[in-house]
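Undergrad: Those protein sequence lines, which keep their order, are chains A and B.
Counting in the working numbering, the first sequence runs from 966 upward without gaps.
Counting in the working numbering, the second sequence runs from 200 upward without gaps.
Everything labelled a hint here was simulated from the structure, so no lab data went into it.
For glycine and all other residues, C-beta sits at the position ideal for the given N, C-alpha and C.
One or more hints might be untrue.
Derived Cβ-Cβ restraints for the label pairs, each shown as a range [claimed, not checked]:
# : chain 1 : residue 1 : chain 2 : residue 2 : range
1 : B       : Ser609    : A       : Asp1043   : 23 to 31 Å
2 : B       : Glu562    : A       : Thr1048   : 25 to 33 Å
3 : A       : Glu1214   : B       : Arg624    : 45 to 53 Å
4 : B       : Asp630    : A       : Thr1000   : 48 to 56 Å
5 : B       : Glu605    : A       : Asp1154   : 35 to 43 Å
6 : B       : Val627    : A       : Ala1107   : 29 to 37 Å
7 : A       : Asp1172   : B       : Glu605    : 30 to 38 Å
8 : A       : Arg1183   : B       : Thr585    : 34 to 42 Å
9 : A       : Gly1217   : B       : Glu638    : 53 to 61 Å
Negatives, chain A to chain B, calculated, CB over 12 Å [what the hints assert, rightly or not]:
#  : residue
10 : Val977
11 : His1027
12 : Ala1029
13 : Gly1035
14 : Leu1038
15 : Gly1046
16 : Gly1088
17 : Gly1093
18 : Pro1141
19 : Glu1189
20 : Gly1198
21 : Val1202
22 : Lys1216
23 : Gly1217
A few chain A residues that face chain B, going by a derived Cβ cut-off under 8 Å, partial list only [claimed, not checked]:
#  : residue
24 : Thr1048
25 : Phe1061
26 : Gln1062
27 : Ile1067
28 : Arg1068
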Amino acid sequence: MTGKGKRETGNVLLEVRNLHATVEGREILRGIDLTVRAGEVHAIMGPNGSGKSTLAQVLAGHPAYTVTAGRVLYEGNDLLGMTPEARAREGVFLAFQYPVAIRGITNAYFLRSAVNAIRKHRGEEQLGPVEFMDALDEKLKAIGWDSSYLSRPVNEGFSGGEKKRNEILQLAVLDPKLAILDETDSGLDIDALKTVAQTVDKLRRPDNATVLVTHYDRILTHIEPDVVHVLAGGRIVKSGGKELARELEEKGYDWLREEAVVT
Amino acid sequence: MTDVADRTEPYVADFEAFARNGASGAPDWLKELREGAIARFAELGFPTMKQEEWRFTNVAPIADQRFLLAHAPSPPLPALSDIERLCVGAGPRVVFVDGRYAPTLSTPADRVGGVRAGSLAAALQTDAGGELARAHLGRHARWHDSAFAALNTAFLADGAFVHVPADVTLERPLEVVFVSTGRARSEGSIVSHPRSLIVVERGARAAVVETYAGLSDGVYWTNAVTEVVVGEGAWAELYRVQQEGPHSFQVATTHSRQERDSYLGLHVVTLGAALARHDIDAVLDGPGAELILNGLYLLSGAQHADHHTVIDHAQPHCASHEFFNGVLAERSHGVFNGRIIVRPGAQRTDSKQTNNNLLLSTEARADSQPQLEIYADDVKCTHGSTVGPIDQMQLYYLRSRGLAPEAARSILTYGFGAEILDRMRHPVVRDRLDRLVRERLA
Chain A
966 MTGKGKRETG
976 NVLLEVRNLH
986 ATVEGREILR
996 GIDLTVRAGE
1006 VHAIMGPNGS
1016 GKSTLAQVLA
1026 GHPAYTVTAG
1036 RVLYEGNDLL
1046 GMTPEARARE
1056 GVFLAFQYPV
1066 AIRGITNAYF
1076 LRSAVNAIRK
1086 HRGEEQLGPV
1096 EFMDALDEKL
1106 KAIGWDSSYL
1116 SRPVNEGFSG
1126 GEKKRNEILQ
1136 LAVLDPKLAI
1146 LDETDSGLDI
1156 DALKTVAQTV
1166 DKLRRPDNAT
1176 VLVTHYDRIL
1186 THIEPDVVHV
1196 LAGGRIVKSG
1206 GKELARELEE
1216 KGYDWLREEA
1226 VVT
Chain B
200 MTDVADRTEP
210 YVADFEAFAR
220 NGASGAPDWL
230 KELREGAIAR
240 FAELGFPTMK
250 QEEWRFTNVA
260 PIADQRFLLA
270 HAPSPPLPAL
280 SDIERLCVGA
290 GPRVVFVDGR
300 YAPTLSTPAD
310 RVGGVRAGSL
320 AAALQTDAGG
330 ELARAHLGRH
340 ARWHDSAFAA
350 LNTAFLADGA
360 FVHVPADVTL
370 ERPLEVVFVS
380 TGRARSEGSI
390 VSHPRSLIVV
400 ERGARAAVVE
410 TYAGLSDGVY
420 WTNAVTEVVV
430 GEGAWAELYR
440 VQQEGPHSFQ
450 VATTHSRQER
460 DSYLGLHVVT
470 LGAALARHDI
480 DAVLDGPGAE
490 LILNGLYLLS
500 GAQHADHHTV
510 IDHAQPHCAS
520 HEFFNGVLAE
530 RSHGVFNGRI
540 IVRPGAQRTD
550 SKQTNNNLLL
560 STEARADSQP
570 QLEIYADDVK
580 CTHGSTVGPI
590 DQMQLYYLRS
600 RGLAPEAARS
610 ILTYGFGAEI
620 LDRMRHPVVR
630 DRLDRLVRER
640 LA
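Isolated chain B (complex conformation):
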């Protein structure tokens, strides 16, 4: 226990300072939420590999350091060209630097039909935004079970706030960009806790692209939480690209809740960070809801990335299709844990899960664990996973058509990524991700 306290105490102390200063003007509900969350964080402490959910991922590199809460970005701000480079297109974007909204780097959202897209900090200052935040923040994220989500909730201050009112269609994808400068303070490296809320109301349609990127090779930690709510009959897509810096740490959770007959596409591409852990918690909470979950992780060097997904079929007649591929080079380590829960009464559930891992070196490693928990009898659930090197028959087939072994290997490796990218429907976003993947594999 002393161990846990040693590591959590500095964050509790930081929280007290944060609560006195920057967060003192918050409404009571938010103060209570934060206080509850820091208390929960202190109880839980940083997870260890003895815990089932963390058996393949050692967070000691994070827990053993003392990360300082990031301040509002100090000049110079990143160059506009650095931000544009990370964006999919010239559409509206909301940009955050070290977790804080950067208005001069952002462009205004399409203000049709009462759509709001901007910073959560600003939304909390308004009556309507505050109401919406109060209704959703912390309600979907399972911070009671996760020390990292609890810590994020304790320091909840800023992030993206997207609200698409009922029956409104967002024509262009909205881009949310979180950049980290990687600049340390004199006392140590920094942590930011970006917190986003995306609410797509009944019958609305929207696509959001979330990008997390490092602008330097400095040491920093991003501890992000995003909550997504998709209303009845709504259609939403969330793309998430993680390109954090090579010496950074990223822990993140994406929580979604879908209502009746809604569609949600969650697409995850993980390229960056020395150590990354991404938890996806998706709840299909109304009959007829559909979830498409695509993930791709491309790792090299000594990178470690762990994806834990939980798909909760809480209602009947829902469908979830999950495809995750990993390409692991050099000494990298990929972890995939996919849990599917079919609640009692969630009849006619149609669920498919696949995780394929390509090992490009003998030192690369992949751990793949499907977990099905089915409490209903009239369901269709399939899962499969593979871990292995490049297939020799595929290699020979390509060579028999005149391709050199190196070219054949590179085509097969790219194919592993392209298989996932092809499931991402938005053409502009897909092209951008395709470029990223090609650059990465080149």
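With the rest of the complex left out, here is chain A:
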């Protein structure tokens, strides 16, 4: 959509070099290299168990994962040395594959607390409940929700699709520089998928970037990626343009696994 020009000129937002990570002693990431520039949308595809979600969680700071080698620079700073909340305040956002339910806390309160934590970090004024609701109105409409979702406890009793929409609402409200969407498209019906894609597309700006972690190319027909990466066995085994996604859909992942073993 935006082509190569932007990719050449945008500043590097995220730089991942030789990243290795383990969970419970098992090595999942085995040397990831990835460069994401401002203005770009990257798709990371790959079979189940290839390490896609691990990469997403390591970038957000999940405490269960241990980085054993490599480095990650975010806007030139050491991302791995930052706490999860520091990453969020600096503009990193992960849309969870499995959003967590929190009993007793309304969505409105949760969202406002998150917005205010980030605003405080930026030295901006805190938003009161009324101002916040006003600011939220349009974003709610964009994902096809009415305000009743705001008075419900966070993700409690939400359907799979509602949880995903809620992640996208948070994305819209927090307006990050680097958004990582972990399988946000899976389990969505076509209408929900379109809504999610449109919201993400609307948030695209020259100064931010999106990493879509996905198993299917469905969402990529709605959000055109600049770069498609294939992750297999904890490494990026192939990168290319949007046509790579189509190829993967047709041929599956097996040919890449073989290629990965050979190389």
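Add chain B to chain A, keeping to what the hints say.
TA: For chain B alone, kept in the frame of chain A given last:
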């Protein structure tokens, strides 16, 4: 046996003095009730941890002391501002100080449709009140099985008396406030035995807020019993807030009996006392009755609070939904025992019970015991309980949205309380309880 007698004898002696003096003008039925109850108390004695119902709660701190029967409050009475601080709103209130009615601190109830709300002692002096009391007092409370309820019944003298006649709606919640001064007499600490009776007749609607509060950090004991009767098709809500003083003891029982197609919401918030035990006995005694039972206990320091609930589905087509959450900080100990009985023939019973406990320190402790006794076959009964520290995934989720770990923990802890508060429907009462919970967790 000598042990039991040693500890009960002083109370039997006090009862004899009480029966000769303050209680001598009572009608015969009441004298008989009291005498039967003190005899039962002497037989039962204070419970020990060897008894199944008391295995997690040691009442030795109460039994080993000699508590003196509270006298009518002596001046100075608590300040009006102290009472107002404890109230939900500016609605009618009935106030008791150390178990005795305090008319100057109370405000008159809405006198619509023959509603009576005031002191039980005064009601016992009237023909109509006496009749009603006679019909209900001691009939619902299972004082035969409980030494504490028996002792309360023996010393039964004053408390709240609420009567809402058939088809009358009480527009504003009625507040019943029991404050304890915590003032000891020269001979020792005092005990009060507040006894309340709430009767909501057929088709009537009423909400009552019961508050128990300590005004000092003195040592005292509150031994309360409340009986609630909800008539056919009636709607009643009883909120109960326990904020007794930090060195006090509270033992209480709430007994309810519901008739056909009635609704009762029982909402319990336990914040105070060094040692607290609250028994709730709810009987669904008519087809189609519905009971909502919500409870929240927030404990810290070395506080111990034990809630024992028994929901008795005696008739078919009844529903009971029970949700109790506990937040336990420092060295506190929470106990929840929830028994559900479905009697033979109580078909189509729909019963749900949940008890979740959040442990905020490694020294905090929670014991949760569901007990289902089902004697009917066409029923839906579910129960579940959890005990554990703050969930690490929830913590991470909040942190990934920019919240500091302390803020995230405090939100998750508050959520544990808010989950229960959100089930309490009365907006004004809910807001007041929300403030209390926030203050407590701050």
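Undergrad: All hints, please: hold or fail.
TA: Here's how the hints hold up against the structure:
| no. | hint | in the structure |
| --- | --- | --- |
| 1 | Ser609/B - Asp1043/A: 23 to 31 Å | 29 Å, holds |
| 2 | Glu562/B - Thr1048/A: 25 to 33 Å | 27 Å, holds |
| 3 | Glu1214/A - Arg624/B: 45 to 53 Å | 52 Å, holds |
| 4 | Asp630/B - Thr1000/A: 48 to 56 Å | 53 Å, holds |
| 5 | Glu605/B - Asp1154/A: 35 to 43 Å | 40 Å, holds |
| 6 | Val627/B - Ala1107/A: 29 to 37 Å | 36 Å, holds |
| 7 | Asp1172/A - Glu605/B: 30 to 38 Å | 32 Å, holds |
| 8 | Arg1183/A - Thr585/B: 34 to 42 Å | 38 Å, holds |
| 9 | Gly1217/A - Glu638/B: 53 to 61 Å | 59 Å, holds |
| 10 | Val977 | 23 Å, holds |
| 11 | His1027 | 6 Å, violated |
| 12 | Ala1029 | 8 Å, violated |
| 13 | Gly1035 | 21 Å, holds |
| 14 | Leu1038 | 19 Å, holds |
| 15 | Gly1046 | 15 Å, holds |
| 16 | Gly1088 | 14 Å, holds |
| 17 | Gly1093 | 17 Å, holds |
| 18 | Pro1141 | 10 Å, violated |
| 19 | Glu1189 | 27 Å, holds |
| 20 | Gly1198 | 26 Å, holds |
| 21 | Val1202 | 28 Å, holds |
| 22 | Lys1216 | 35 Å, holds |
| 23 | Gly1217 | 32 Å, holds |
| 24 | Thr1048 | 7 Å, holds |
| 25 | Phe1061 | 7 Å, holds |
| 26 | Gln1062 | 12 Å, violated |
| 27 | Ile1067 | 6 Å, holds |
| 28 | Arg1068 | 4 Å, holds |
When held up to the earlier numbered hints, the structure conflicts with 11, 12, 18, 26 and fits the remainder.
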